[in-house]
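Throw the hints in and build the complete structure from the sequences for me.
Taken in order, these protein sequences are the chains called F and G. The opening position of the first sequence corresponds to residue 957 in this note's numbering, with each subsequent residue numbered one higher. The opening position of the second sequence corresponds to residue 715 in this note's numbering, with each subsequent residue numbered one higher.
These are calculated hints, taken from the structure and not from any lab test. Quantities reported herein were computed from a predicted structural model and do not represent experimental measurements. C-beta: ideal position from N, C-alpha, C; glycine also.
So the derived label-pair ranges between C-beta atoms look like this: (1) F/D1065 <-> G/D1092: 42 to 50 Å; (2) F/D983 <-> G/D842: 45 to 53 Å; (3) F/K978 <-> G/M901: 39 to 47 Å; (4) G/E724 <-> F/D1065: 21 to 29 Å; (5) F/G1025 <-> G/E1040: 57 to 65 Å; (6) G/S1080 <-> F/D983: 32 to 40 Å; (7) F/D1065 <-> G/R1015: 25 to 33 Å; (8) G/A1261 <-> F/A1000: 39 to 47 Å; (9) G/E1362 <-> F/A1000: 47 to 55 Å; (10) G/S1080 <-> F/N1063: 36 to 44 Å; (11) F/M957 <-> G/N1026: 34 to 42 Å; (12) F/A1000 <-> G/R1015: 21 to 29 Å; (13) G/I1033 <-> F/A1000: 33 to 41 Å.
Derived DSS-like pairs: lysine-lysine, alpha-carbon spacing no greater than 25 Å straight-line: (14) G/K1160 <-> G/K1114; (15) G/K890 <-> F/K1072; (16) F/K1073 <-> F/K978; (17) G/K1342 <-> G/K1231; (18) G/K890 <-> F/K1073; (19) G/K898 <-> F/K1073; (20) G/K1100 <-> G/K1147; (21) F/K1030 <-> G/K903; (22) G/K1096 <-> G/K1147.
These stretches of chain F come out as covered by chain G in the derived footprint (C-beta under 8 Å, 3 or more residues): (23) 961-975; (24) 1010-1020; (25) 1024-1034; (26) 1049-1056; (27) 1061-1074.
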Amino acid sequence: MATILTVDDSTSMRQMVSFTLKQAGFDVVEAADGAEGLQKAKTARFNLVITDVNMPKMDGITLVRELRGLAPYKFTPILLLTTEAGADKKKQGKDAGATGWLVKPFNPDQLLTTIKKVLG
Amino acid sequence: MGIDLSQFHETFLEESFEGLDVMESSLLNLDAGDSDPETVNTIFRSAHSIKGGSATFGFDNVAEFTHVLETLLDQVRGGERDVTQEIIAALLESVDCVRSMLSAQRDSSEYDEKQVQSVLKQLECMLDKEDSAVEEEKDDAQVSPGVTQGWLIDFRPHLNMIQTGNDPVRIIRELKSLGPVEIKCDMGKMPALPDLMPEDCYLSWQIELFGDVDEAVVNDVFEWVEGECDLVISSLQTDVSTSSAVAVNADPVEEILAATTELQVEEKVIVTNKDKTGSDDSVAKPVQKRTKAAAEGSSIRVGIDKVDELINLVGELVITQSMLGELGQNFDTSKIEKMMDGLSQLERHTRELQESVMRIRMLPISFAFNRFPRLVHDLSSKLGKKIELKLSGEATELDKTVMEKIGDPLVHLVRNSLDHGLETPEVRKAAGKSETGLLHLNAYHKGGSIIIEITDDGAGLNKEKIRAKAISNGLITEEEVFSDEKINDLIFQPGFSTAEKVSDVSGRGVGMDVVRKNIRELGGAVDIVSNEGKGSTITIRLPLTLAIMDGQLVRVGNETYIIPIVSIIESLQAKNENINKIVDQAEVYKLRDEYINIVRLYEIFKLQPDCKDINNGLLVMVEGEGSKIGLFVDELLGQQQVVIKSLETNYQRIDGVSGATILGDGTVAMILDVPGLVVMSRIKTSVKEDKVA
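Written out as structure tokens, the structure reads:
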């Protein structure tokens, strides 16, 4: 089964995402900010990265850019979780190399639908 | 799948309260006209997280409110809006609103809907003042749906599309889930094998999707690859059968899937190679764990180090236990020394374990101090005073329960200092002081207690005024000597206030007595030292914890009682010549220059003592409520740490007893309530005095 990295500074959001994915049978690793996410991505391989945008230390956009610079993550799907539905953040995310996004608020079903779409 | 989101509510609320604290303290650091981007960003991030979480977990009122708040903050962050005093004030009020909404959620109570709506309106007004066009125009692109027979999709990915993790196969698969499709693959751009870059996408597709599918739905499939492909979606106007006749009659998806799989295999080879060469950039950066302060609530967040220490100690205990167990198997007298070693080790480990467990309950006092920057900020502007707040010793740790109970008394004392102690800039200037008054909150450990000091450089206590007031209230007589101690006592009397006018900040004379009562209930004490014209220092002494204390065991008749060691001054063998019977039966003991009331414990607890003659017994001098009494006991036993069990929860309240504990031999011993006994002795004496009069 695929291993997924979820990066969010909000513990409750991270727990929700993590719980939902684990229920669906995925392996999940959590990180509390971009820097921790990048660190974890370097020490393990993930099939999918789901990251929040606004985070302390390293934001989601920077994380995407950093990950795309790492060979193992060149083609890995990376999804942004964002409340900012504005085209601005999406464009920034895409420019950094994000695969797509999921707009908050979302419920566990929507999350799974999107993830299954990406992971096939 | 049904996932119960309410299981995340507690975490969400906890982190939201933390977020609000962060917002509040950041807002207080923000000065009008000066917007430090990092501070603004921190505020924005907190609001943003609360909004995201509240929307996700179904707190719609909070989500709605924070949305407006976030929009405003976003403008500030983007530099579209200057930081004004007005905005800071509105944002601080918003923090209060969100806090009240979340608290209501947590406690299943009501919040002030009116207040929230008025602040919301205020925020909306601010937004309207400038352009209200900040709202997203996301619906613009939507095309009104029409009935169609299907869509012809010309999908030409750019070479680099797969480098954003977007797999064309995924898109085609998704289209296939919308309805029957016919797909033509254009491999015309495919280069010869040596020139083929596995990271690039050379294929294009023409997809016919049949059925009445909304164009927006089709567009959604390509939402993530907008700008990374050339896409033409046109309605299938022609007859479906003609279309299908033109199409290559096959099911190419499987074919393409297979082709892409091969492509992916090649990618992997390259990736692995790069992995090796690129291993340099995987140099580990130290990851700093967020040191989030624990929120006051029913749960405590404990640092990993504290838990590790516990586990370590438990390990030590297990080792000692197994050692002792082994010793006991073939025990003989030669092993006594070894056993004693083991037992002392066990004792040490148990004590360490106990200390570590207690440490889990300890929180830095910054939790209690955190609310003061805001309080001082709000109050000083309300009172027209300039006040600098200095906090120190915030890392001093205090038991969580003590912390919860000391919060309100502290607020009261700080308000008092602000209102009565510190003067307005004009008055200060006239008195030759700097315009800005200083309020200093300090905490530190001293012995087994924690000391909290509230110091201000304000006017201090006006002794004459207090004296006059006390005389007019009938609390003291004209002739009475007016010692500093007496002033202390007067201030803490119910209904005592020298404030000329009652403000809504303080001065109703309600409170100081409650403050002292609350602090005493915690086993602490409060004192004021004041220098007229120079300021006051209020010192609060609190026990480190409420759960365990050092006690002196004493025997009265067949009963064992425990006296808290902190309140014992000395124990002595009474001498007859020092005992004076004043009136009726009230007895005092002359200790050096002081006369101390004697309390015969056997009388209070109705016991049969060994001796009723003070000359043959022992007096334990204890101090509480600012005065001393001598407790008459039969014998002093050992000293030990005792775990305090509440009598109220297990039995009922008894005068003179603050709790109970279980001794090593399994018997229950009462813990004496020294302040309570002092009060009882006062009442007794005054009753007797009345009788004589």
